[in-house]
Each structure stands twice: as structure tokens, then as C-alpha cells.
Amino acid sequence: MKDGNTKPIPAGDIYRHMWLTSSVAKAVGVDLGAARAEGTLAASDYSRMLTNCRNAGCDKSCALWLSQQNGPSSSAPEFCVNGALLTQLKR
Numbered sequence: 001m002k003d004g005n006t007k008p009i010p011a012g013d014i015y016r017h018m019w020l021t022s023s024v025a026k027a028v029g030v031d032l033g034a035a036r037a038e039g040t041l042a043a044s045d046y047s048r049m050l051t052n053c054r055n056a057g058c059d060k061s062c063a064l065w066l067s068q069q070n071g072p073s074s075s076a077p078e079f080c081v082n083g084a085l086l087t088q089l090k091r
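Mapping to the UniProt record's numbering: the sequence shown position 55 is 55, numbers consecutive.
Worth double-checking, as some hints may not be accurate.
[Unchecked claim] Straight-line C-alpha distance at most 30 Å; calculated DSBU-like pairs for lysine-lysine:
hint : residue 1 : residue 2
1    : K60       : K26
2    : K90       : K60
3    : K90       : K26
[Stated by the list, open to error] Here are the computed distance ranges between Cβ atoms for each label pair:
hint : residue 1 : residue 2 : range
4    : E78       : M18       : 18 to 26 Å
5    : R48       : S73       : 30 to 38 Å
6    : T40       : G71       : 18 to 26 Å
7    : R91       : R48       : 26 to 34 Å
8    : T6        : A34       : 36 to 44 Å
9    : L66       : T6        : 13 to 21 Å
10   : W19       : S44       : 33 to 41 Å
11   : T6        : D31       : 36 to 44 Å
12   : G29       : A63       : 30 to 38 Å
13   : I9        : G71       : 30 to 38 Å
Since the hints were derived computationally from the structure, they do not count as laboratory data. Quick caveat: nothing in here was measured; it's all calculated off a predicted structure. Ideal Cβ positions, reconstructed from N, Cα and C, are used throughout, including at glycine.
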């Protein structure tokens with residue numbers, strides 16, 4: 001931001017992205033609450049998931065993907081910034 005013309009893009013609404021993150025996780029067969037309780041998902045990793053989702057800028061595409069799911073999905077959408085971690089948690 002040397003020239004002063006660049007403004008940071010605000011992160012998305014935390015509650016919307018909590019819903020998107022948990023909904024995508026559920027769609028691929030991952031229970032984030034259980035993963036937290038079992039210790040397979042650290043609080044810092046969950047927080048990072050939400051932050052990554054909030055900053056990704058794909059919330060509309062994500063909501064559309066979720067609306068098109070008629071049952072369990074084998075994987076998160078390609079554009080999902082949390083896809084790799086969700087795949088790990090699924091194992």
C-alpha cells in the first residue's frame with residue numbers, strides 16, 4: 001500500500017462463512033464438531049478454515065454449489081480453499 005490507493009478488501013461476514021464452511025464439510029461427510037471434540041481438528045486450524053473462507057471471495061459460487069447438492073459429495077468443490085483439509089479430515 002505504498003501509493004495509498006490500495007484498500008484492503010474486507011473479509012466476508014463471519015456467520016455466513018461459518019455456515020458455508022460447516023455446510024461444505026457436512027456435504028463431504030465431515031463433522032467439524034466431532035473433529036474438534038476428537039482432537040483431529042485443532043481450534044487454530046478451525047479458525048484458519050474460517051479466515052481462509054472469509055477471504056477467498058467465492059461465497060456465491062460456494063452457496064450455488066451447496067444448492068446443487070442432492071446428497072453426499074465425494075469432495076469439496078475445486079475452488080474451495082479448505083478442500084485439502086476437508087479431505088484429510090474425511091480419512
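Now for the hints, and whether the structure bears them out:
1. K60 with K26: With Cα atoms ~18 Å apart, K60 and K26 stay inside 30 Å; holds.
2. K90 with K60: holds (24 Å)
3. K90 with K26: holds (10 Å)
4. E78 with M18: 18 to 26 Å: With Cβ atoms ~22 Å apart, the hint holds.
5. R48 with S73: 30 to 38 Å: With Cβ atoms ~22 Å apart, the hint is violated.
6. T40 with G71: 18 to 26 Å: Since T40 and G71 have Cβ atoms about 24 Å apart, the given range 18 to 26 Å holds.
7. R91 with R48: 26 to 34 Å: violated (19 Å)
8. T6 with A34: 36 to 44 Å: This hint holds: roughly 41 Å between Cβ atoms.
9. L66 with T6: 13 to 21 Å: violated (32 Å)
10. W19 with S44: 33 to 41 Å: Because 21 Å falls outside the window, the suggested range is violated.
11. T6 with D31: 36 to 44 Å: Cβ of T6 to Cβ of D31: about 40 Å, so the range 36 to 44 Å holds.
12. G29 with A63: 30 to 38 Å: violated (20 Å)
13. I9 with G71: 30 to 38 Å: holds (34 Å)
Of the numbered hints given earlier, the model fails hints 5, 7, 9, 10 and 12; all others are met.
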